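> Residue numbers (this note's numbering), protein chains in the order written: chain F, 510 to 833; chain H, 12 to 376.
Derived from the structure by calculation, the hints contain no laboratory data.
These figures come from a predicted structure and were not determined experimentally.
Keep in mind that a hint or two might mislead.
[Said to hold, decoys possible] In silico DSS-like pairs for lysine-lysine, Cα to Cα no more than 30 Å straight-line:
id	chain 1	residue 1	chain 2	residue 2
1	H	Lys291	F	Lys668
2	H	Lys168	F	Lys555
3	H	Lys171	F	Lys548
4	F	Lys560	H	Lys171
5	F	Lys668	H	Lys299
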Amino acid sequence: MPVITYRQALNEALAEELERDESVFLMGEEVAEYNGAYKITEGLWKRFGDKRVIDTPISEAGFIGLGVGAAMMGLRPVMELMFWSFAYVAYDQIINNAGCVRYMSGGLINCPLVIRGPANGGTNVGATHSHTPENFLANTPGLKVVSPATPYDAKGLMKAAIRDNDPVCFMENTLLYGDQGEVPEGDYVIPIGVADVKREGTDVSLIAHGRAVLTALAAAHRLSEEFNISAEVVDLRSIRPLDEQTILDSVRKTHRAVLVDENKPFCGVSSQIATMIQEQAFDDLDAPVQRVCSLDAPAIYSPPIEVQQLPTADRVIQKVLAIS
Amino acid sequence: MSVARAEKPKTESSPVDYAKAPINADLKPEQKLGFLADMLRIRRFEQASLKLYQQGKMGGFLHLYIGQESVAVGTLALMGQNDHAITAYRDHGHALVVGMSMNECMAELLGKATGCSKGKGGSMHFFAPDKNFWGGHGIVAGQTPLGLGIAFALKYKRLKGCCLTYLGDGAVNQGVFHESLNLAALWDIPVVYIIENNQYSMGTSLARSSAVKACLAERATGYDMDWDIVNGENLYEVRAKTWDAMQRAHEKNRPTVLEIDTYRYYGHSVADANAKKYRKPEEIEFYKQNHDPITLWENRLKEEGIADDAIIKKIDDEAKKEAAASVQFAEDSPFPELQDIFDDIYYEVDMGTKAGKTGRHFFND
């Protein structure tokens, strides 16, 4: 199987969907002639032309709103936010229009829109560029939210997102763009709403999404090597809809859960997972559910400190040891 | 009596006879009577809805369009097969003109399952995509980029059409409107922005909200876009100037900003506690006496020998009857069931697709 980067996997998904469906178009800042600020759309403008791959002015509220309107008319816009942090200037369009138009119209309208881009800290760009709004977005019934951790998942989920008939917020991560992994050639789709057990284990469940999955995997490796603890790693992949069954199956097997989440802790994605586990698997637990989130402050710039603000394998290991 | 209208060039005494404009010259008498019927239907519908509101049968807000009827009728009657429309929260008039029934609209106001949005949208959120009408939007100026996107889609699909995108004078100060203007002109998008200038953004007069007071449409010059101002009480002028803008969109994919002067008789919404404080009752009375678009159109039809008092009364009686019937329909209709709250959120769930059955979509206790 070919080994390609997360970036190339996304690029392949976009190219294949542009090829497959005339109603798909890409739009965003620097996506066309510049080949993408992070090169996700590299080569696509040259291949598909001005109509299908469109550079925008710096005007997120305007062009995201345009995408919502175009999606209401049956097109399938894939809108790039250079950073998900910039969604905040387009929030009305995402929440009120993309998220609510179906409901407000009593089901007369649907909005097959994808909004994609990186949503992560850890790149020393300060608080304004380091937001992880998956929890905010998943708090809106009407929106779907996915967050792939691997190249394989990135391609399959992007295809599912583009073909989905509801608005999908697709959260990537600049720190993952260069990661390599096996990705089959050609068409495959990973359904939205299906989690994936990235590593089997018996003693504790580490539950994460996005890059935190890799942090959890690193922790699981060391727990095994250094402490003889067998950790299972569950990758949510999709936050809304949520695959509760895979989470519960894992917790019922291991009886312990540590949630790893690059969100801030207050009302983060892991808050929802924690409440769900205690509601539905309380009797299966041998210890309180623990969380490892980003430290609860705006993202700090200082490079060596920011590394510690995000969840680290060390912090995950400490939490696991505390309940083992 | 002097009423302070924004210091704008008065178009009321314009020497141009818009009745002779090509889009108006061939109008048949029954079409002209149809415009009267449409305006009266809006007014009688809203008067009936106001009664229901005052009886406490309606929740939330009720933004009445009364006084502005000639704008919706003058513009929307021009729509062809590939022309679309979208507006803000003062949407009842637009909905009725595009062909939505009084029944479904009145039922929506009462939050009934038979409402156009099944009781999920309310007064501000009427939609009829089958009639090219895309709402009904509650956030000021939030619909302005949606209209842009609808027009973008028309061009993308190579359809000759445009999107009439309505906003109020209060919306021109929102950033997203300006972003939309820039994109529309930059990309040659066939959108027609129609500012319904009723002079008040809630309780704030135009003089207190706009740095440039004489004209709002002129802001389009900042985006290399055509613009015009329109005397909204003159149905012929509304039609002629709107048609020019639509032609510009159809033939050249060029956008336009139209500012149509109009006036609302009621408050921002019926719940507007200061409705009679930020303007004098005499001002409202002055407009009712001298600038009522329905009275003016009735007079015009009489002058043209198309209508007399008896014909007008008959049309008005029919509108009142239709409105009364819609009240009855709405009152007799059932409310939605509690479990209906979870329909119409995700298309995939509603349709029972595989995607809609994968993973948990709703997170209740």
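> Please name the hints from earlier in the document that this structure breaks, with their numbers sorted from lowest to highest.
The structure conflicts with hints 1, 3 and 5, although it agrees with all the remaining ones.
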